[in-house]
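Protein chains in written order, with the working numbering: chain A, 1 to 674; chain B, 1 to 99; chain C, 1 to 509.
Among the hints, erroneous ones may be present.
Unchecked claim - SDA-like, lysine to any residue: derived pairs with alpha carbons at most 20 Å apart: (1) Lys400/A <-> Ala481/A; (2) Lys386/C <-> Ala458/C; (3) Lys336/A <-> Ile189/A; (4) Lys386/C <-> Leu47/A; (5) Lys579/A <-> Gly397/A; (6) Lys386/C <-> Arg136/A; (7) Lys386/C <-> Val478/A; (8) Lys386/C <-> Ala481/A; (9) Lys386/C <-> Phe141/A; (10) Lys386/C <-> Leu326/A; (11) Lys336/A <-> Glu582/A; (12) Lys52/A <-> Gly393/C; (13) Lys52/A <-> Ala68/A; (14) Lys386/C <-> Leu538/A; (15) Lys52/A <-> Ala458/C; (16) Lys400/A <-> Pro491/A; (17) Lys52/A <-> Ile390/C; (18) Lys386/C <-> Glu582/A; (19) Lys336/A <-> Arg136/A; (20) Lys386/C <-> Val193/A; (21) Lys579/A <-> Val478/A; (22) Lys386/C <-> Phe596/A; (23) Lys386/C <-> Asp53/A; (24) Lys400/A <-> Glu493/A.
Claimed, not checked - A few chain C residues that don't get close to chain A, going by computed Cβ distances all over 12 Å: (25) Asp13; (26) Gly31; (27) Leu32; (28) Ala79; (29) Val108; (30) Val183; (31) Ala194; (32) Val294; (33) Lys320; (34) Leu403; (35) Leu444; (36) Gly457; (37) Thr464.
No lab work stands behind these hints: they were computed from the structure. The beta-carbon is built from N, C-alpha and C at its ideal position, and this holds for glycine as well.
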Amino acid sequence: MLVLATEAADGAEAAANAVVQATSGAIALAWLIPVLPLLGFVVTLALNRTLKDRVAWIPTAIAGVTFALSVLVFLQVRGEQAAYVVDLATFIDLSGDVGGFTVRWSLLVDQLTAVMLLVVTGVGTLVHAYSWGYMRGDSRFGRFFAYLNLFMGSMLVLVLGSSLLVLFVGWEGVGLSSYLLIGFWFEDIANGVAAKKAFIANRIGDVSLMVAMYYAFSQFGTLDFYTADHSGMLEQAGVVTAGGALLLALLLLGGAAGKSAQLPLFVWLPDAMAGPTPVSALMHAATMVTAGVYLLVRTSPILVQSLDAMTVVAWIGAITALLAALIALRQDDIKKILAYSTVSQLGYMVLGIGVGAFAEGIFHLVTHAFFKGLLFLAAGSVMHAMANQTDAWRMGGLRKAMPITFWTSAVAVLAIAGVPPLSGFFSKDQILTTAYEHGFTAIWAIGILTAVLTAFYMTRWFVLIFLGEPRWTEGQQVLDAHGHGMVDLHPHESPSSMTTPLVVLAALSAVAGAVLNFTHHGPFWTWLQPAVGDVEGLAFAEHGTLGEPALIAISIVAAAVGIAGGWLVYGRRSMADGKRMEPLRGPVAELLERKFFVDEAYESVLTGFGGWFAQRSADFDRVVIDGAVNGTGRSSTAFGAVARRVQTGLVRGYLAGFVLGVVVLAGVLILQVR
Amino acid sequence: MPIGAYYLVAAVLFATGLVGVLIRRNLIVLFMCVELMLNAVNLTLVAAARMWGGPDGQVFVFFVIVVAAAEVVVGLALIVNIFFRRGTLDVDAQHLLRN
Amino acid sequence: MGFVGEFIRTIPDNLVALCVAIPLLGAVFAGLLTESDDTARWGALGATLLTFVASVVLLLDFDPAAGVQAVDTLPWIPALGANLVFGVDGISLVLVLLTTFLMPLIVVAAWDHSDNIRGYLAAFLALEAAVIGVFTAQDLLVFYVLFEFTLVPMYLIIGIWGGANRRYAAIKFFLYTLLGGLVLLLGVLYLYQAGGAQSFAYDDLVAAAQGLTLVEQRWLFGAFFLAFAVKVPLFPVHTWLPDAHTEAPTAGSVFLAAIMLKLGGYGLVRYCLTLFPDATRELALGTGEGFFSVPWMLVLAVIGILYGAIVALVQPDFKKLVAYSSVSHMGFVVLGIFALNSTATSAGVVQMVNHGLSTGALFLLIGFLYDRRHTREIAAFGGLAKQVPIYAGLFLVVVMSSLALPGLNGFVGEFPILLGTFQEVPWAAVLGSFGAVLAALYLLWAYQRMFQGPLEGADNEATTDLTTREIGIMVPLIVLIVAIGVYPQPLYDLVQPSVDGVLAAVNGQ
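Isolated chain A (complex conformation) (with noise of 0.2 Å):
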């Protein structure tokens, strides 16, 4: 289990972190953390055609020596207060004679980076091999984890890159990879729609953290995090005025928007579902969503700078993580409740980041990696069993055929609902905690409400898809959902690949939180400071009179609500009639299951307006640009025909013509001489 070094836990302030360039150790071979998966993506899809499936080891074997040497790296991390800056080759250097942009392939080493590096290639490779069981079969089976290796490769450039611009080429090809596996089942059209919304919806956002590096570079000439010289953009983030700190943070926050799936981005999440469970796990739910959060951790010293901007964030976090919970309360697609979840919990990190709570957005990163990641997983599990079929509504009792699918999610769920003391608890609890102390009273009453609703969805989830009467039948005809047409219905637990990585994330998601940061300045909070922005200076509002016991009963009293209220709308009735049972009807409830309309909104804008637009542009390129071209010619053409009359044919007219203009020119240049 992670055990903190205790010289960087006896909880004194902590001072910023030394920064050297590393020479030894595991960390002077961190390089290879990133560079071997995408060896592995090469490796695998060249040896793809000849070893069949067996390639598959392969890119399973690296994910798992990543890990190894991330532990390794973890390990002298942990004991010093110390950034490690590992330079590797130049990228672009452009400082020539007069002075440009320049960027090095170089890594960062701290402890953010070695928080981030274990959860990418702890999780990365639990679901490595869980994928052997889920994708058995599959005529594309190396090639899906060729896919994997790529995205690993792509997160680990974006934790470890020691500048926003390396950050950024990880960024993208997260995006790539996303893309791919979204995309992975391409047969169905949908599933292609899918992944371009999520590629574009990422770009926009993209747009925006690019632009956050022109303006970087412009107030610190440097894209660097740290340097050896303090001359680092993180170093150096005191000398931007409060209106730069604040217009970089909102830039940087559109970027996080776009990765993370905040408002107004997050359209694409739920629809990424269409990519195979155990990409929704690794990428949609415990990873890749969450680089945004990672990304606004990791400049948090800029955010320090403008509390306005700050407040924006926290706002930010706070509005999606309420909307998407209540979009969830009335999705039937298990898949899409939790994409909406995850939406909702990312919402919790970015709150949290708003209100000066970096440690603690980062922890709750972890323990959500854990059991969303498990969740995922679970659903996975229970698509495997059930003929991939995802709607909640045909499941129902599934607690006798797959007991440890059935037993871990039950972590999972009191997890996330908040249930001391399982992981969520802490996490979630202690950046509501901060919240409240920061003066954002607010904000933690909408924390407080979502948590309600997490915990009523969860419990509708889980009551759906385990609990009550089958609402369906053995051996059952039922069109399976992944295109193998027919088949009988046979639910079953999943072979041991697959509930292995189930049974490691549960115990994960029970411990971790107590394990990590049992208090609210616990050892995790104390050891992550020196990588984090400092919120001594900020002026936040004054806070209310409620106190942490307060604070932590509120929360544990909002878990209770939420699961009680779920438990007493779809646990103690029979739901044998499907979808009829849901208790609300109505325009509220039509509301919530069309997503408050948002897609539609998009889609009328973009492909109405866009697409009206952009065809208005090609007309005028094609009847007003070229046409003036045409128009041109023809006007020539017109000329000509009024020019040839004069054409007539008789040598004597043109020889008269000839002589006059001889004469004509011979007038001009003697009166020229004179």
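We have chain A already, so just place chains B and C on it with the hints.
Chains B and C in isolation, oriented as in the chain A frame:
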């Protein structure tokens, strides 16, 4: 003899040729008038060359004579052909270039 | 033997002239001297490979810091003071290398062309000679003549070997570029006269241009700019490009997009900037008064980026889509060039190479598909990723390069362009960045319609995957696309010192 005299003769020759080209309608006469103009130019060139004592003008005249000879060959051939085909040498009757 | 030995000894001193001469001789050989199609093919391939080797040797001896070097001078029209002077600096060299690298691939791609293959290859080799001449000319008259000469073979390639509507496209292409060229000629002559230059040598003309008034500079800038803007092409003089691309045969499209458009960008950097520095500063950065307080060049570039991308969205023909995407991508190049700082302008030059590689690759790929299906309508395809996985994979790599995915070559040009531009005129960089979103939109939408979804229709089911020869053509391109994306520094090392020299001239240092 002053150079002006040569120029005067050349000018008279040239003007004769030019007027002939403009007012006569017979192709053969037209052709002879063109030759007259060419030779007027030749005369000018030779005279000028003599005055300056340089060879350029004389060389130029040889070129003109050679080209004129070639032109006569082609031109007469064309005229003969036109006469055989159309039975007349009146230039105003020839407007094949029209349209 | 003595003669041969003498000749071989002079080779290292005349590499640039060789780069022009070898393809020219190849053109004569393939077009006139041989009767056999096969001999012509191998001859053409040999000539292009030899040229490539010559240019690589040139690269090995190149010293980025030394300015124009490897100069070859042959007397041409002494009365006008015009000489055939060729030489390379960093900017020239990368574009020459792009040309010589792509030419063998183009020849191989044209291998199975059945209709008068000898003339076809000869036209391409003549084009190569002319284009390399343009990139290396150190005499404005030579530059002008070769710049115009490139029209002839390309006109023939489109007009003889093109598609159904080839006449219209060829004439449009010819008139457009000729018109720009004539204005350029007027500008060149005025510059020669008014400045009282002794010759058309580049250095003499730069000296002559010192004496121009600001008003003269503006007019001359306009004349030069128009000629180059047509070639780039920049909005609103771009409409020849989509027609030329759709009608041109595959190899012609590749050459046109990958190499010929660069003549415009090269002309801007080499001539507009250095000859008319005051007018350049005014028009590029809006430092003047009234009309000249608007950065017009950047405005045009940004319009090009966004307009090209928006129009590309709704093109039903994939070649037209790529043609409009070229308008958009070359807008980035112009943006970088006229941002007038070391970062952006260097990146603008490098982006020309990147655009050459990725758009060239895209046209090659669509050509392969056209050979099989005889259509380029996006709607005619669907679900092809299942049927032709290798093709689909390579296609996606090139698409990603074209939409500037980091790690591939498009990004390492586009990003520094925008970052550098932001330091001068922030809004231009911000607006330009949206070109990246639109690029993703039109390319991925097209990819989705062509490659994803169910495989339906007999034509789609009968489409075969790439042959070994076709994969062989693509592999060098893909390798370079990735290599430049990860390690672009060698290109920047070549380009930046020369660009800094140009910018020093612009800023009057």
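Each hint tested on the structure:
{"no.": "1", "hint": "Lys400/A <-> Ala481/A", "result": "violated (23 Å)"}
{"no.": "2", "hint": "Lys386/C <-> Ala458/C", "result": "holds (14 Å)"}
{"no.": "3", "hint": "Lys336/A <-> Ile189/A", "result": "holds (19 Å)"}
{"no.": "4", "hint": "Lys386/C <-> Leu47/A", "result": "holds (18 Å)"}
{"no.": "5", "hint": "Lys579/A <-> Gly397/A", "result": "holds (16 Å)"}
{"no.": "6", "hint": "Lys386/C <-> Arg136/A", "result": "holds (19 Å)"}
{"no.": "7", "hint": "Lys386/C <-> Val478/A", "result": "violated (26 Å)"}
{"no.": "8", "hint": "Lys386/C <-> Ala481/A", "result": "holds (19 Å)"}
{"no.": "9", "hint": "Lys386/C <-> Phe141/A", "result": "holds (14 Å)"}
{"no.": "10", "hint": "Lys386/C <-> Leu326/A", "result": "violated (39 Å)"}
{"no.": "11", "hint": "Lys336/A <-> Glu582/A", "result": "holds (17 Å)"}
{"no.": "12", "hint": "Lys52/A <-> Gly393/C", "result": "holds (18 Å)"}
{"no.": "13", "hint": "Lys52/A <-> Ala68/A", "result": "violated (27 Å)"}
{"no.": "14", "hint": "Lys386/C <-> Leu538/A", "result": "violated (57 Å)"}
{"no.": "15", "hint": "Lys52/A <-> Ala458/C", "result": "violated (28 Å)"}
{"no.": "16", "hint": "Lys400/A <-> Pro491/A", "result": "holds (10 Å)"}
{"no.": "17", "hint": "Lys52/A <-> Ile390/C", "result": "holds (16 Å)"}
{"no.": "18", "hint": "Lys386/C <-> Glu582/A", "result": "violated (42 Å)"}
{"no.": "19", "hint": "Lys336/A <-> Arg136/A", "result": "violated (24 Å)"}
{"no.": "20", "hint": "Lys386/C <-> Val193/A", "result": "holds (16 Å)"}
{"no.": "21", "hint": "Lys579/A <-> Val478/A", "result": "holds (18 Å)"}
{"no.": "22", "hint": "Lys386/C <-> Phe596/A", "result": "violated (37 Å)"}
{"no.": "23", "hint": "Lys386/C <-> Asp53/A", "result": "holds (18 Å)"}
{"no.": "24", "hint": "Lys400/A <-> Glu493/A", "result": "holds (9 Å)"}
{"no.": "25", "hint": "Asp13", "result": "holds (29 Å)"}
{"no.": "26", "hint": "Gly31", "result": "holds (31 Å)"}
{"no.": "27", "hint": "Leu32", "result": "holds (35 Å)"}
{"no.": "28", "hint": "Ala79", "result": "holds (23 Å)"}
{"no.": "29", "hint": "Val108", "result": "holds (23 Å)"}
{"no.": "30", "hint": "Val183", "result": "holds (15 Å)"}
{"no.": "31", "hint": "Ala194", "result": "holds (20 Å)"}
{"no.": "32", "hint": "Val294", "result": "holds (21 Å)"}
{"no.": "33", "hint": "Lys320", "result": "violated (9 Å)"}
{"no.": "34", "hint": "Leu403", "result": "violated (8 Å)"}
{"no.": "35", "hint": "Leu444", "result": "violated (5 Å)"}
{"no.": "36", "hint": "Gly457", "result": "holds (14 Å)"}
{"no.": "37", "hint": "Thr464", "result": "holds (16 Å)"}
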